[in-house]
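Colleague: Just so you know, we're using this note's numbering here: the sequence shown kicks off at 121 and counts up by one.
Hints may contain errors.
[Said to hold, decoys possible] Have a look at the derived ranges for each label pair, beta carbon to beta carbon:
| hint | residue 1 | residue 2 | range |
| --- | --- | --- | --- |
| 1 | Phe203 | Gly301 | 31 to 37 angstroms |
| 2 | Asp154 | Asp351 | 37 to 43 angstroms |
| 3 | Tyr264 | Asp349 | 16 to 22 angstroms |
| 4 | Asp154 | Glu303 | 33 to 39 angstroms |
| 5 | Gly241 | Thr126 | 19 to 25 angstroms |
| 6 | Val134 | Trp209 | 19 to 25 angstroms |
| 7 | Pro324 | Glu288 | 18 to 24 angstroms |
[Stated by the list, open to error] Taking lysine to any residue pairs in the SDA-like style, the calculated list, with each CA pair at most 20 angstroms apart, reads:
| hint | residue 1 | residue 2 |
| --- | --- | --- |
| 8 | Lys376 | Arg140 |
| 9 | Lys376 | Gly215 |
| 10 | Lys385 | Asp162 |
| 11 | Lys376 | Trp209 |
Read the hints as simulated data drawn from the structure, not as lab findings.
From the three backbone atoms N, C-alpha and C, an ideal C-beta is built for every residue, glycine too.
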Amino acid sequence: MLPANTRIADLLTVPLNQARLVVQLAETEVPAQDVQLLSPLDGAMEVWAAGVTYSRSRDARVEESSERSIYDRVYDAERPELFFKAPAWRVVTDGEPIAVRDDSAVNVPEPELGLVVNAFGEIAGYLVVNDVSSRSIEGENPLYLPQAKVYAGSCAVSAGIVPSWLVEADDLTIEMVVRRGAEVVFTGSTSTREFHRSPAALVPYLLDWLEFPEGVVLSTGTGIVPDLDFDLAPGDVVEITIESIGRLVNPVVGVKEWISRREEK
Numbered sequence: 121m122l123p124a125n126t127r128i129a130d131l132l133t134v135p136l137n138q139a140r141l142v143v144q145l146a147e148t149e150v151p152a153q154d155v156q157l158l159s160p161l162d163g164a165m166e167v168w169a170a171g172v173t174y175s176r177s178r179d180a181r182v183e184e185s186s187e188r189s190i191y192d193r194v195y196d197a198e199r200p201e202l203f204f205k206a207p208a209w210r211v212v213t214d215g216e217p218i219a220v221r222d223d224s225a226v227n228v229p230e231p232e233l234g235l236v237v238n239a240f241g242e243i244a245g246y247l248v249v250n251d252v253s254s255r256s257i258e259g260e261n262p263l264y265l266p267q268a269k270v271y272a273g274s275c276a277v278s279a280g281i282v283p284s285w286l287v288e289a290d291d292l293t294i295e296m297v298v299r300r301g302a303e304v305v306f307t308g309s310t311s312t313r314e315f316h317r318s319p320a321a322l323v324p325y326l327l328d329w330l331e332f333p334e335g336v337v338l339s340t341g342t343g344i345v346p347d348l349d350f351d352l353a354p355g356d357v358v359e360i361t362i363e364s365i366g367r368l369v370n371p372v373v374g375v376k377e378w379i380s381r382r383e384e385k
């Protein structure tokens, strides 16, 4: 078992070989049903995200946007699109609600592979990310992207981190199901082999120019985008599964309800 009060952030302050040794020496397993699993992000960790990294994402952005050419250009550019998503304290995990904005006509879940990166720029592990987005807000004007991407309840991650030395991430199936009551209203799947560039190639563009002394999660973009007539709504349940990485299930509420629930805790 890890030493008492060890945070995930603590494991990301040291080189990967040291963190790996600590994890491997922690042989005691605690049954998941005996504990409440919290978000694995803590301390000063943040979530950042990449955009337009799959052809499906590029096509969807071109379809929705008033400024279509910028998405074509960034898809083929050497420099990726990167943006801030959430601080650790605003991130939710499996079973907790995510939120949609009521000032956006079209809201979507975005299933993504997350890279858990340590302070030295090494990929320490992987998890599942839901980069919930207000699609119509970004589509109206790309300069509205921070409002479309960064708001209360817009970021969820799976409760577990799979160490990077246990899995290869270059060909993993990603699946998403959205349920509305008893009805399945959306299903989609893709694979990380459809990624337009290596996920690891995103890391230097973030870590070479910013410090993350307690690590960062870099979400690598989505290859599953519903058609424009789909709108994620309060009451829906989103289930995302990434092969060998994990599963993330979240009910959907409105932003005001999400904030109210947090204030009550």
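Colleague: Are the hints correct? Go through all of them and say.
Modeller: Evaluation of the provided hints:
no.: 1; hint: Phe203 to Gly301: 31 to 37 angstroms; verdict: 33 angstroms, holds
no.: 2; hint: Asp154 to Asp351: 37 to 43 angstroms; verdict: 39 angstroms, holds
no.: 3; hint: Tyr264 to Asp349: 16 to 22 angstroms; verdict: 21 angstroms, holds
no.: 4; hint: Asp154 to Glu303: 33 to 39 angstroms; verdict: 34 angstroms, holds
no.: 5; hint: Gly241 to Thr126: 19 to 25 angstroms; verdict: 22 angstroms, holds
no.: 6; hint: Val134 to Trp209: 19 to 25 angstroms; verdict: 23 angstroms, holds
no.: 7; hint: Pro324 to Glu288: 18 to 24 angstroms; verdict: 20 angstroms, holds
no.: 8; hint: Lys376 to Arg140; verdict: 41 angstroms, violated
no.: 9; hint: Lys376 to Gly215; verdict: 18 angstroms, holds
no.: 10; hint: Lys385 to Asp162; verdict: 18 angstroms, holds
no.: 11; hint: Lys376 to Trp209; verdict: 17 angstroms, holds
In this structure, only the earlier hint numbered 8 is contradicted, and the remaining ones agree with it.
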